[in-house]
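K.L.:
So you can see what is in the structure, the chains are spelled out below.
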Amino acid sequence: MTDSALAELSDTLFSVSVALYSVALLAFCAQLAFGRRRARDRELVGAGGPVVEPPLEAAPSGGNRWGLLGMGLTVLGVLAHAGVLVARGMATGRLPWGNMYEFATAVVLVAVVAYVVLAVRAPGLRHIGVFVLGPVILAMVGIGLFLYAEAGPLVAALRSSWLAVHVTSAILGSGIFLVSGIASALYLARTRRSASAPGADTGILSRLPSGESLDRLAHRTAVFGFPIYTFAMIAGAIWAESAWGRFWGWDPKETWMFISWVVYAGYLHARTTAGWRGRPAAWVNVVGFAVVLFNLLYVNMVSTGLHSYGGV
Amino acid sequence: MTTTAPRQAAAAPPPPPAGPSAGRRLRALLLRQWRRLTAMRTAIVLLFLLALAAVPGSLLPQRSLSQNNVRQYLADHPDLGPWLDRLYLFDVFSSPWFAAVYLLLFISLIGCVVPRALEHARALRTPPPPAPRNLLRLPDSTELRVPAAPAAALDVVEEELRVRRYRVERREGVRGPELSAEKGHLKETGNLVFHLSLLALLLALAGGKLWGYEGSILVTEGQGFCNSFQQYDTYSAGPLVDSGDLSPLCVDLEQFTAEYEENLTAASFTADIRYGEPSAEGRPTTIGVNDPLRLDGDRVYVTGHGFTPCFTVEVPGGTSFEEVCAPFLPSDQQTLASEGALKLPDIPGREEQLALRGFFAPTGSMQGGLLTSVDPRPLAPQVALQAFSGYLGLDSGLPQSVYSLDASQIERGRLTEVGSANLAVGETMDLPDGTRITFSGVKEFAAMQLSHDPGQVWVLAAAITLLAGLLGMLLLRRERVFARADPGAGDGGTVLSLASLTRGGGESGSRFALLTDDLRTALASAAPARTASDPEVPPRD
Chain A
1 MTDSALAELS
11 DTLFSVSVAL
21 YSVALLAFCA
31 QLAFGRRRAR
41 DRELVGAGGP
51 VVEPPLEAAP
61 SGGNRWGLLG
71 MGLTVLGVLA
81 HAGVLVARGM
91 ATGRLPWGNM
101 YEFATAVVLV
111 AVVAYVVLAV
121 RAPGLRHIGV
131 FVLGPVILAM
141 VGIGLFLYAE
151 AGPLVAALRS
161 SWLAVHVTSA
171 ILGSGIFLVS
181 GIASALYLAR
191 TRRSASAPGA
201 DTGILSRLPS
211 GESLDRLAHR
221 TAVFGFPIYT
231 FAMIAGAIWA
241 ESAWGRFWGW
251 DPKETWMFIS
261 WVVYAGYLHA
271 RTTAGWRGRP
281 AAWVNVVGFA
291 VVLFNLLYVN
301 MVSTGLHSYG
311 GV
Chain B
313 MTTTAPRQAA
323 AAPPPPPAGP
333 SAGRRLRALL
343 LRQWRRLTAM
353 RTAIVLLFLL
363 ALAAVPGSLL
373 PQRSLSQNNV
383 RQYLADHPDL
393 GPWLDRLYLF
403 DVFSSPWFAA
413 VYLLLFISLI
423 GCVVPRALEH
433 ARALRTPPPP
443 APRNLLRLPD
453 STELRVPAAP
463 AAALDVVEEE
473 LRVRRYRVER
483 REGVRGPELS
493 AEKGHLKETG
503 NLVFHLSLLA
513 LLLALAGGKL
523 WGYEGSILVT
533 EGQGFCNSFQ
543 QYDTYSAGPL
553 VDSGDLSPLC
563 VDLEQFTAEY
573 EENLTAASFT
583 ADIRYGEPSA
593 EGRPTTIGVN
603 DPLRLDGDRV
613 YVTGHGFTPC
623 FTVEVPGGTS
633 FEEVCAPFLP
643 SDQQTLASEG
653 ALKLPDIPGR
663 EEQLALRGFF
673 APTGSMQGGL
683 LTSVDPRPLA
693 PQVALQAFSG
703 YLGLDSGLPQ
713 SVYSLDASQI
723 ERGRLTEVGS
733 ANLAVGETMD
743 LPDGTRITFS
753 GVKEFAAMQL
763 SHDPGQVWVL
773 AAAITLLAGL
783 LGMLLLRRER
793 VFARADPGAG
803 DGGTVLSLAS
813 LTRGGGESGS
823 RFALLTDDLR
833 TALASAAPAR
843 TASDPEVPPR
853 D
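Going down the list, the sequences are from chains A and B.
When we follow the numbering used here, the leftmost residue of the first sequence carries the number 1, and every step to the right adds one.
When we follow the numbering used here, the leftmost residue of the second sequence carries the number 313, and every step to the right adds one.
Chain A on its own, in the form it takes in the complex:
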């Protein structure tokens, strides 16, 4: 295939993955709507640990079938989504994160993959599919509309082996933090209900995993993402030293990475500190989520700094 055909394939796959995610979202909605109430399965999730399958749900109910369909479609969407980047990389003969379009697409991919991995290990997490795929589809549509950039060569400043190290780890860290933030937001929504009206545990939120397992999921993913993010920051500093003449210079992107690092450090401390456990810590994680998003979008698109590459 020629380079331009590959670039076109990449663009087609982008639309395909958005379509697949959308259908998967519908399936997850159906799961929430038609699935059985989760009154019996008090504790479905052992996030990352052994899967606690409630014996009463051995026979697949209608909701479960919808959930499986949603998962299957999401996995297909992930394959198409990964194909977007692979085809881009082959078309341009470089790593497919040379501009904001490719970078943001990769971050969203990491978030979906992290969700799929967690949901395969702990089926209870399939119930949050709507809340993961909803933002994912919005993000993908936004990326396609506002960030799209033609496949092209890298600018001189990005031609360094540190691109593979720094940007890859930044993509991984950000994507994992996004999942963590969604889990904390859901935890806040879930515990707000049970706190205000303990008896009335009905409605869509009651079909979410328990508050405890959402909180644990948020913490696990943040613990996993934090060293990766730290490494991304150190690798970025090493690269900056050889590219810009100083390892740290409070460029807007650097400043916001510092801010988000400090916020996540605060989250990890807060979760083990009396008086901050539970909802206050979850709020900190949600703030971290907002800061990471801000760093991904605002800093590149609005402010000008050394990290402004690839048209935006």
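The hints are simulated quantities; they were obtained by calculation from the structure and are not laboratory data.
Heads up, the beta-carbon is just placed ideally off N, CA and C, and yes, glycines get one too.
One or more hints might be untrue.
Reference listing, derived: stretches of chain A covered by chain B, where coverage requires no fewer than 3 residues with Cβ under 8 Å from a Cβ of chain B [what the hints assert, rightly or not]: (1) 157-163; (2) 235-245.
Between beta-carbon pairs, the in silico distance windows are [as the list claims (entries may be wrong)]: (3) A:V155 to B:S677: 22 to 28 Å; (4) B:A340 to A:F294: 41 to 47 Å; (5) A:Y298 to B:S708: 39 to 45 Å; (6) A:G93 to B:L710: 52 to 58 Å.
Here are some, though not all, of the chain A residues that point toward chain B, as calculated from beta-carbon distances under 10 Å [to be verified]: (7) F226; (8) W261; (9) H269.
Chain B: place on chain A using the hints.
P.N.:
Relative to the frame of chain A, chain B by itself:
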């Protein structure tokens, strides 16, 4: 920092002593404040303050990044600007309040980490603590009924735990022979290494700021510079830098090459330079983007490039004036359209001072009567030139930019425009008084920067230990296992109570189940089989 329980207890106010003296009261007050500062809650609040304090540094223009942007902002906001300036909001990262936040945070960190490090050093040398009174109250616990005698059963457990690299301590407790085992001190070690590395990082940063300097200069092909503050266009130096102590280094730029892809994306910038001590014959090398020259303690970078148009000026008297060249600063990075000025205060044979102001296009194209640049490569260089005659005001004492004319001199009529033209290379413009200006050619210039930061290698070392400590802290587990053997119901067997306590690493229940399974197998194979199978007490959950 994983737990705060001990410090929570310590933070509680001490019971009021009976009739304390003033000195003792002061000491108690100071102690209380110190404990408040070093409490984890304070640390969290300080972390947020630090994050919050950094925000204006990215939203407002900063002097450390661009003096020009700050000047522009002050000009655009004449009312608000000076107030923000008074609050150091254009120098956030060197402001006293930013320093106050991070210094408080680091003091809090020292107050937390140093006692913990001492405690940890003690814990490394002391055996695991005795088993709690009621083992079955721990979250992971079970009872095994084994045929072996109590001591023999504990021997088997000890052996199994030692194989798993636990440190094991046997005790004769009030409630029977017991065993405590522990492993995973590395988790706390990682925690301490992480926090101490943060301190080291801050110290290394501070050292680099105090003894470091950097200078930047635009160098046209064929020219060079030496490492001295007088030569640099701009420089910044730490307070402990002695300007006589700069390393003796001179750099000459021989050739600058910019390469572009088909779609005019910049592919590479390389500068062929010679470097060495001032008197020595320089050594040749090539530096470029992402590829600086690294010497012992100094680094030389190419941070940008542009064009230096050259002109010859002939006065009517006939004596040919030398060629004059000046770097023009790019105003558009895509097409390298550039602007600049030449100031000629002392032309022999000409009374009035002469100044040239120009717009340079490496590949010029006339669009709507205006010269524009369409390509960053110098394929058809053109310059739109304005000539001024009069008084430049260079000796007025006010600093002037070398890259532009002082607009106020033009407004006040001290400089008057005497001619303008669009010139390609080799073309000539004649001024009314007979002065001839010829666009004689164009060279490339490189923006070069020399940096000296003695702290940065230590910053890197601190960052690496920081990451190692972080990984140890987050990924390792500290596990304690306790066992107590009770003689069984008179049949010579033993009821073995087992429990474990895990800190960090998540799911502990499944690992405890695995451990008990292994112990059960080991105990069964070690003990003489007396009965077919003893019923077991099911594990508690």
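K.L.:
Look at each hint and say if it fits the structure.
P.N.:
Now the hints, each set against the structure:
For the segment 157-163 of chain A, the proposed coverage by chain B is satisfied: 4 residues have a C-beta within less than 8 Å of a C-beta in that chain, meeting the threshold of three. Taking a C-beta to C-beta cut-off of 8 Å, the segment 235-245 of chain A contributes 8 residues in contact with chain B, enough for the three needed, and the coverage statement holds. In this structure the supplied range 22 to 28 Å holds for V155 (chain A) paired with S677 (chain B), their Cβ-Cβ distance being about 24 Å. In this structure, A340 (chain B) and F294 (chain A) meet the distance hint of 41 to 47 Å, their C-beta atoms being roughly 45 Å apart.
For the hinted restraint 39 to 45 Å between Y298 (chain A) and S708 (chain B), the CB-CB distance of approximately 44 Å keeps it satisfied. Checked against the hint of 52 to 58 Å, the pair G93 (chain A) and L710 (chain B) passes, with Cβ atoms roughly 54 Å apart. Because the beta carbon of F226 (chain A) sits about 7 Å from the nearest beta carbon in chain B, less than 10 Å, this interface hint is met. With a cut of 10 Å, the hint placing W261 (chain A) at the interface with chain B holds, because the nearest CB-to-CB distance is about 9 Å.
Look at H269 (chain A): its Cβ gets to within about 5 Å of chain B, closer than 10 Å, so that hint holds up.
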